[in-house]
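K.L.:
Below are the chains, spelled out letter by letter.
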Amino acid sequence: MSFITQIFTLAVFAVFVNNFVLSKFLGLCPYIGVSKKIDSALGMGMAVIFVMTMASTFTWLIQQYLLIPYNLEYLQTIAFILTIASLVQLVEMVIQKTAPSLYKALGVFLPLITTNCAVLGVSILNIQEDYNFLGAILNGLFSGMGFTLVLVLMAGLRERLDKAEVPEAMKGMPIAFVIAGCMALAFLGFSGLNF
Amino acid sequence: MNLWKEFSKGFVKENPVFIMALGLCPTLAVTSSVTNAIGMGLAATFVLTCSNVIISLIKDLIPSKIRIPCFIVVIASFVTIVDLVMNAYTPEVHKSLGLFIPLIVVNCIILGRAEAFASKNKVLPSILDGLGMGLGFTLALVVIGSIREVLGAGQWLGMNVMPLAYIKSPMLVAILAPGAFIIMGLLMGLINIVNKGK
Amino acid sequence: MNYFVKLGLVLLLITAIASGILAFVNGLTSEKIKANKLVAEQEARKEVLSEASRFEKQTVTLPAVETEPNPLKNKVEAGPRQFIYYLGYNDESAIVGYTFVASQYGYSSEVKTMVGVNLDMSIARIKVIEQSETPGLGANAATADFQGRFVDMNQEQLQVDKDGGAIKSLTGATITSRAVTNSIAEGMKILADAMTEEGK
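Protein chains in written order, with the numbering used here: chain C, 1 to 195; chain E, 1 to 198; chain Z, 1 to 200.
No lab work stands behind these hints, which were simulated from the structure alone.
Backbone N, C-alpha and C fix where the C-beta goes; we use that ideal spot for every residue, glycine too.
There could be a bad hint or two in this list.
Simulated DEER-style distance windows between Cβ atoms [to be verified]: (1) C:46 <-> Z:67: 36 to 44 Å; (2) Z:24 <-> C:193: 43 to 51 Å; (3) Z:74 <-> E:193: 50 to 58 Å; (4) Z:31 <-> E:193: 34 to 42 Å; (5) C:167 <-> Z:75: 22 to 30 Å; (6) Z:93 <-> C:189: 55 to 63 Å.
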């Protein structure tokens, strides 16, 4: 398979087949919590794409050049989560200084991302799946895009849902879960794709 | 009596999963069988209780500006200990929980309790709070896990509980990803009805 | 500025203590984790070839195959591959069969199977020892029902029914079934070749 095909395959798998939210159950808190409005969903999604790509890059470097050479693999969890936490903080400060308008749009979401398990999840998966540097970055990018896709879709559905007559007890979170289930069913149709 | 309240509030009244909707990722991801649900629940309970103890002990020593990173380091250490110990003594459960053991670090229940409770209270209430919340989490996982395993595989804890004909062709969707979402939604709806009726 | 230095020092101190404790726990458990794997394999070996009481490790060196490298994954070391199998002896020190581990990527994970082979090159028993496939679908490969489908099969029959073989694949998990079946078939072929070579 050529280079381009490999990248395309990785993208399709990360976005559709092994979607982080719907098939791996990662990043559910923001998926349910920040999907009430399309605008905020889009903002959150962009912030997640950005942080996931950055986190993939740095955690891969730390694993390869710090943890493995010194036999410190057992410190992986602690090293990765600290990297992600400081990365998020750093990104927040840089954006605030250099692009105030972007900060206005993404600012509120950034602190939430530290505890988004999708970010730590992608960092660990990159190592487990044995990706190289380029593969890790791309996997972070595409996984983030998959997350954003379903988050925005969900927000669109929930905006319409406000106008629907939902049984009192199912309003809000319960119906959101049922809808997520239906979306997961649809995404299940992508499994078994082969190139 | 007050201490009992700290302990028991996590079971129903402030159940972390059903009422507060925290820790959703592991809740849905590991509940395809009851065994996994119990393993995950106990691992999280251990981490939650231990980190609550340590954090309530050192809360006066850490400057408030860096308390969150400090909490994360404490939590991550206990998670790694659980990870290593489970790998050594219960390799089967460790394997099937896989990625979700390191992800206990970002389970919002644990950081949430550290920030909201342990950093403001003494050691004993913090232990009880951690144990109660952890067991409440375990309870929720076992309830969801039971429903999914019985419907989706006709088994409970690996034992056959449904007629053989059902086990041959069970309601597979319950054990797959979509079933997890739908069952979770329906359970939350049910709890809303029960709470309203009170 | 002094304040920030203090913050950094506190955080550093906590991280250092945490790392120390983890290093200690790691030291306690790492041996056990390694041993677990060996014990589990040994037990699986006994299970798939129950007549044998003692096993002897054998290694076959295979010619290197040119696989196209995946540009997104770490490079796998090229060079001759090794195939490891075990001779099973009974109490009278007579060979009763062979075991080997077959391994192939299934739907979402590497699926490893311990295979016990009779002297006539038919399968005695198999046991899936490592997989994290989809629960309810591919994970059913580890059930007694699926593993029983391999008993007494010979090399020609080792293909899933969709490919024209005799192994009935799992409902909704053809990819996993195929990974198990094909990896076993490949191992059986290498084993058979090694046996004929020895017979010469």
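K.L.:
If you check each hint against the structure, which ones fail?
P.N.:
4, 5
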